[in-house]
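Participant: Quick note, the sequences are listed as chains A and B, same order.
Take this note's numbering: the last position of the first sequence gets the number 185, and nothing is skipped along the way.
Take this note's numbering: the last position of the second sequence gets the number 581, and nothing is skipped along the way.
The reader is advised that the hints may include incorrect statements.
Cβ-Cβ distance ranges computed for the label pairs, FRET-style [as the list claims (entries may be wrong)]:
1) B/K134 to A/G50: 39 to 45 Å
2) A/E35 to B/V507: 14 to 20 Å
3) B/K16 to A/D64: 33 to 39 Å
Not everything, but these chain A residues come out facing chain B in the computed CB check (under 7 Å) [to be verified]:
4) G46
5) G50
6) R51
7) V96
No wet-lab data here; the hints were simulated from the structure.
A virtual CB, placed ideally from N, CA and C, is assigned to each residue, including glycine.
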Amino acid sequence: MVLNIQQGATSHSAYDLRDPNAQIEERHTLAVLVENEPGVLARVIGLFSGRGYNIDSLTVAETDHEGHRSRITIVTRGTPSVIVQIKAQLGRIVPVHEVHDLTTEGPSVERELGLFKVSGTGDHRVEALRIAEIFRANVVDSTLKSFVFEITGTPEKLDAFADLMRPLGLSDQARTGVAALARGA
Amino acid sequence: MSRKMTGAKMIVEALKDQGVDTVFGYPGGAVLPIYDEIFQQNDIKHILVRHEQGAVHMAEGYARSTGKPGVVLVTSGPGATNAVTGLTDALLDSIPLIVLSGQVPTFLVGTDGFQEADTIGITRPCTKHNWLVKDPATLAQTIHQAFHVATSGRPGPVLIDIPKDVQFAEAEYVGPKQIPPSPYQPKKKGDIDAITRLAELMEKAERPIFYTGGGVINSGPAASQLLVELAEATGFPITSTLMGLGAYPASGQKWLGMLGMHGTYEANLAMHGCDLMIAVGARFDDRITGRVADFSPGSVKAQIDIDPSSINKIIHVDLPIQGDVGHVLEDLLKIWKSRGRKTNAEAVRKWWAQIEQWKATNCLAYTNSDSIIKPQHALERLEALTKDRDRYITTEVGQHQMWAAQFLHFDQPNRWMTSGGLGTMGYGLPASVGVQVAHPDALVINVAGDASWLMNMQEMGTAVQFRAPVKQFILNNERLGMVRQWQQLLHGERYSQSWSESLPDFVKLAEAFGCKGRQVSDPAELDDAIREMIDHDGPFILDVLVEKHENCFPMIPSGKPHNEMLLSPEAGAFTGGGALV
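Next up, chain A with everything else stripped away, as it sits in the complex (with noise of 0.2 Å):
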């Protein structure tokens, strides 16, 4: 018998229909909105810590004060068939309201961002302020002997910043992990 359903299609249905047998790793971003309750958030770490899956990144915080809502935007990796689980798996919490897979459902942005402190002196401290002019850095804080750089872009854009002050004195860095939005209306 064959069954007429378009494999390899991304449906907007609540399932995936692509080959459920593909071993390759994805990258998934997915935005949790969540009832801003006490507990919350372990609820969904705890899911992820429980079942095994990945958390690349993750950020959380109030958006709507009145409205009780969070948001909590995961990273996360996975062959297709694990992705489709973590959404169902997130969707049974009780004060889960919304699960978006932004990779699938549509163009969206991502954003993170990152401190660095770079030390150093002479030519290093030259270059550093260089690079930062080309990657759109601003310097938030200055010593005679450092830099601290603010850095707003992709987590690839923040990567390559890394790896290019790293040789100048990259000495600490904080990052935030990835915020992200669907684009359009």
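For chain A, the structure is supplied; the task is to place chain B on it using the hints.
Facilitator: Same frame as chain A, but now just chain B:
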């Protein structure tokens, strides 16, 4: 009218408003205000257990036999941690429970106070949801919401942790109708296009099968009725998981018996060879699928389930239908009928001819004996002597549980209570008490093994105190039978720690608890012993000494596919299927 009252009174009021008639619990320091309120009313009956795990299993038995949520009340710290096994059991079997736990006063939370435990943290992964109530003004609303969450969508256990100062504090009581509707509203209706596609598949299928599970039972008696109607109208064969027994009657024409690790030969081979599998409220557990890569390789699979995370979790499903089993079956029947009630009758007839051949294997055959009671024989006699009564069966976990599933027949839902997902030894005795409390006049039998039964035997005291005439039918092989079987078949006959020495004398134990007991070892006396157990007006322990080394067959060793079953030496020769004896 202002209804200001203490938190403790509010709890009792809220339970009454939710229609609760029975609470299973155990008092302690952090719940004394609630117990004080229970003392001053007569609407809610409190069953005093002997251990909190017993309370949760009793509530499970109550819930599974009535379809209503079970309610448990325990104290903080050890009271709550003792409830954890029961909560996990109820989570895996999707049983609606409301567990109320006391907590140290809010100003002591986090200080390692006496009998303090992080109950919310400990029970987060083993409940469907849990709440810590810090403000008495939200207590009543939280309890009403807890009932809603426990019973909607895929049911499950929930826990409310209530600090002692919240029980003393006064606030306004709100009734269930005064609170805003919960945002938690799982979808019940299935997608009509998908259901229509399933009807199309059913019209064409040559080798169809219904694979049904606990979701049918949880959906309510109407879902079971619809399932029977569908199976009879289409003529398709039907099998069920351990959890779903009774949804389709075992006396029905289309019944193939249970499937899975100890399922029947015909059910497993039909699953392996089908071309259309219709999963109804069943979740492809590993005890069902065997080796996933070889699971029913040639079939189109449709799955009806209310929980989207159960779909495509283990087995890829071609046609998922998210919705409540009852609602979806109703629509499916309607659509299939309106399209002219068509099936591929000729092909289905051939399919049945094949199934009849498999049935002829007589996979449940065993060699009976005149000198020693075979466990299978004991269950066949129990079946024969009780089948005409309003009968509820609970079980412990192990060989006896599988034999009970094979040899006892259920023609109605909510009559079979067993720990399926978690496999909790010690489940059956307290569950039987919970069932009996809900159905005081029914015949309630716990089919047990000696080792499992000992795990919660203290609840015999509860049965005696509350005059619950539960019948404990212990198949005593002085072994951990299933462990012994695996050691024999899979671990080179090295019987590591799988025998029970120093077993108690179960008859004297019955007397010590204040009930009646009997031991039987002669097959000729078995019927008389069973009759005495049934007819006795009160709790009864029947210690049935059975063959010690009997194995439970058929068996699919874990990690093997359905067509590599081990059959008992007594099962007839069979052709095809490639099964190993």
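Participant: All the hints need checking, so say for each whether the structure fits it.
Facilitator: Against the structure, the hints come out as follows:
Distance hint check: the CB atoms of B/K134 and A/G50 are about 26 Å apart, inconsistent with the given range 39 to 45 Å. A hinted range of 14 to 20 Å is violated for the C-beta pair A/E35 and B/V507, which are about 56 Å apart. In this structure, B/K16 and A/D64 meet the distance hint of 33 to 39 Å, their C-beta atoms being roughly 36 Å apart. Annotation: A/G46 was flagged as interfacial toward chain B, and the flag holds, the nearest CB pair being 6 Å apart, inside 7 Å.
For A/G50, the shortest C-beta to C-beta distance to chain B is roughly 5 Å, which falls under 7 Å, so the interface hint holds. A hinted interface residue such as A/R51 counts as satisfied when its beta carbon comes closer than 7 Å to some beta carbon of chain B; here the least separation is about 10 Å, so the hint is violated. Residue-level restraint check for A/V96 is violated (minimum Cβ-Cβ distance to chain B is 10 Å; threshold 7 Å).
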